[in-house]
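Line by line, the protein sequences are chains A and B.
Heads up: the first sequence runs through residues 1 to 291, numbered per our numbering.
Heads up: the second sequence runs through residues 1 to 351, numbered per our numbering.
I should point out that these hints are in silico values taken from the structure, not numbers from a laboratory.
Computed from a predicted structure; not experimentally measured.
Ideal placement from N, C-alpha and C gives every residue a C-beta, glycine not left out.
Check each hint, because a few of them may be wrong.
Some, not all, of what chain B presents toward chain A, calculated at C-beta under 7 Å [claimed, not checked]:
| # | residue |
| --- | --- |
| 1 | Met92 |
| 2 | Val210 |
| 3 | Lys212 |
| 4 | Ser222 |
| 5 | Gly223 |
| 6 | Glu224 |
| 7 | Ala333 |
| 8 | Gln347 |
Capping the alpha-carbon separation at 25 Å, the derived lysine-lysine pairs in BS3-like fashion look like this [said to hold, decoys possible]:
| # | chain 1 | residue 1 | chain 2 | residue 2 |
| --- | --- | --- | --- | --- |
| 9 | B | Lys200 | A | Lys70 |
| 10 | A | Lys77 | B | Lys212 |
| 11 | A | Lys70 | A | Lys253 |
| 12 | B | Lys200 | A | Lys253 |
| 13 | B | Lys246 | A | Lys152 |
| 14 | B | Lys212 | A | Lys152 |
| 15 | A | Lys70 | B | Lys212 |
| 16 | A | Lys253 | B | Lys246 |
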Amino acid sequence: MNNSMTTAKRRNRALALCAAPLYVFTLLFVLGPLIYMVILSFLTRAEVWGVVNEFTFKNYADLLQPVYLKTFGESLKLALLTTAIDMVLGYAFGYFMARRPPEKRRLLLLLVMVPFWTSSLMRLYGWVIIFRANGTLDTVLMGLHITKEPLKLLYTYPAVVVGMIYALLPFMILSVYTSVEKMDWSLVEAARDLGASPAKAFLTVTLKLTLPGLLTGVILTFIPSIGLFFVADILGGNKVVLVGNVIQEQLMKVHNWPFAAAMAVVLMAMTSLMIFLYRKITHVSELEGMV
Amino acid sequence: MKKKTIALVLAALMILAVLSGCSKGGSSNKTLNLYTWEGMFPQEVLDGFEKDTGIKINYVTFDYDETMLAKLEAAEGGDYDLIIADDYIIEMAISENLVQKLDKSKISRIGNVNPLYQGQFYDPSDEYTVPYGAGVQTIVYNPDAVSIDITGYSDLWDPSLADSVGIIANYRVIDGMAMKVLGYSYNINDLDKIAAAGEKLNELAPNIRVIKDDFLQDDLLSGEISAAVMYTSQVTQAVMENPDLKVVYPKEGIGFGIMAGFIPSKAPNADAAYKFLDYILEPETAAACFEWLGYYCTTAAADKYISEEYQSFLTLPDSIDKGNMEMIENISAEADEQHSLVWTTFQSLCG
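All chains should be modelled from the sequences, with the hints used to inform the complete structure.
Quick look at the structure:
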């Protein structure tokens, strides 16, 4: 008994040692910049370049201008829309994939992963080629006599939504896939034996058991989607203004770093709050334990 | 015997390694540490300079002026011998004492510079910089797709151009179009006037199809848009591809920006920088550079060497002089914030 405890202690110490570099890394490169950003958001912009160490709330006050508040709304709207559509598409595909025989499953998994091997920017430019005037989609639609003239799809809101869905779908597919694959199918059979219709068995058994995967997928899709600004840039022609776009612009062009920092802080707080509420409502943290 | 040869070769290699280590540190006066954007010079010019002077060029690149200034700050004005960047950032670098005054006696061809591009805000008495290329704000359009005759910015507001204009994502340039239409200078600090320009700009929103910095020329060429306000290098590429496109010098006045070379305050090898500046001021070399770069020629003596096909968009017509040209200068922080507010409002109205 005594002996085993010291072994456990020793193992803990070894584990702590192994994890130490990670802690140091996190402190230095995650917490450090974060603190820097929060401090920066309370400083004053210098007249020419950089910042001066004068404490101010001005950056947060400036945020309250309707046009900037609107960008938070736009970001949230787009993120929710993307996540909702990804939920439906990703669940269907992840479920379908997990139900294939193993070798087909591997092939499908590969097909989901392969696009990740190229730059996401390159893939977005692929969509530009599809959507642009007289591009692939127009050629096909006009060839089939469905439309008569170019649709002008590029640089529209739907183009942005498609790009967002496409960019984040794999996260949803993979989360759903892992939980469907792990599921104990005898439970569904039992439900069916006991007289449940296929729909009822799906809703009461399959969906409940795979919910953790779906809910994890929601987090994995929602968080990146709220900050993904280059899709709106490339496919939306910069006409959908998201928080990310404003932050980048303030940082790189206007040189108003404190304001950009304030926006980033608020965006982060907003996202954290959303995640917190989401976990409260769905009890996803308890569900995660079940996986 | 053989062993001795190997030993000698190894020794020689080691000495070489040590020496090359030196030049990397920039202490050798046989290296020019050139810091600028990618693709600023044709390879022949770089090779020619190395061959003529025996100075090796260590070409280091940045993407944004801002990155350059941050690095130069970190290096406290050292590390680089020659930097070529945009006007406004040079003004900031000079104000931070990161730039050294030029010894003009070391640049024998300084007289070749076009005076139009001298004495500007970022270096009023030309003490620190030598211009290398200018961006001139023009309007480009496809006459086949546009039913009106575009002569100035105000024509972009024409309802016939609905959803067919492309603009760069440069808030000072685009806000500036409205300023010019209202007859203001680009550089006023009057917040109410900037707001008024914003109101005017908002009326342009229905005509805007796309706002972006990269590859805007492709949209004009593919027919996605029929008129554009874009960067000079993009105009050059578009016109090279489709010579039927029309380039207009807006009647309200012409905005322009200058790229210029400067020597940082603690440049390890300023002499190499002087030699290079002098080299690229040689008229024929300069002409080759600007044809490659696609920006307006700032070396007047090179104008006549620029080939016929490039003349119309790399050199300014005679009718244009300092009187109808204005640079976009750094303005007060409040005015700048007002501009960015105006811009974001306009941008979100375009969607």
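Taking the hints in turn, this is what the structure says about them:
no.	hint	verdict
1	Met92	4 Å, holds
2	Val210	3 Å, holds
3	Lys212	6 Å, holds
4	Ser222	6 Å, holds
5	Gly223	5 Å, holds
6	Glu224	5 Å, holds
7	Ala333	5 Å, holds
8	Gln347	5 Å, holds
9	B:Lys200 - A:Lys70	21 Å, holds
10	A:Lys77 - B:Lys212	23 Å, holds
11	A:Lys70 - A:Lys253	20 Å, holds
12	B:Lys200 - A:Lys253	22 Å, holds
13	B:Lys246 - A:Lys152	23 Å, holds
14	B:Lys212 - A:Lys152	17 Å, holds
15	A:Lys70 - B:Lys212	21 Å, holds
16	A:Lys253 - B:Lys246	29 Å, violated
Comparing the model with each numbered hint stated earlier shows that hint 16 is the single one that does not hold.
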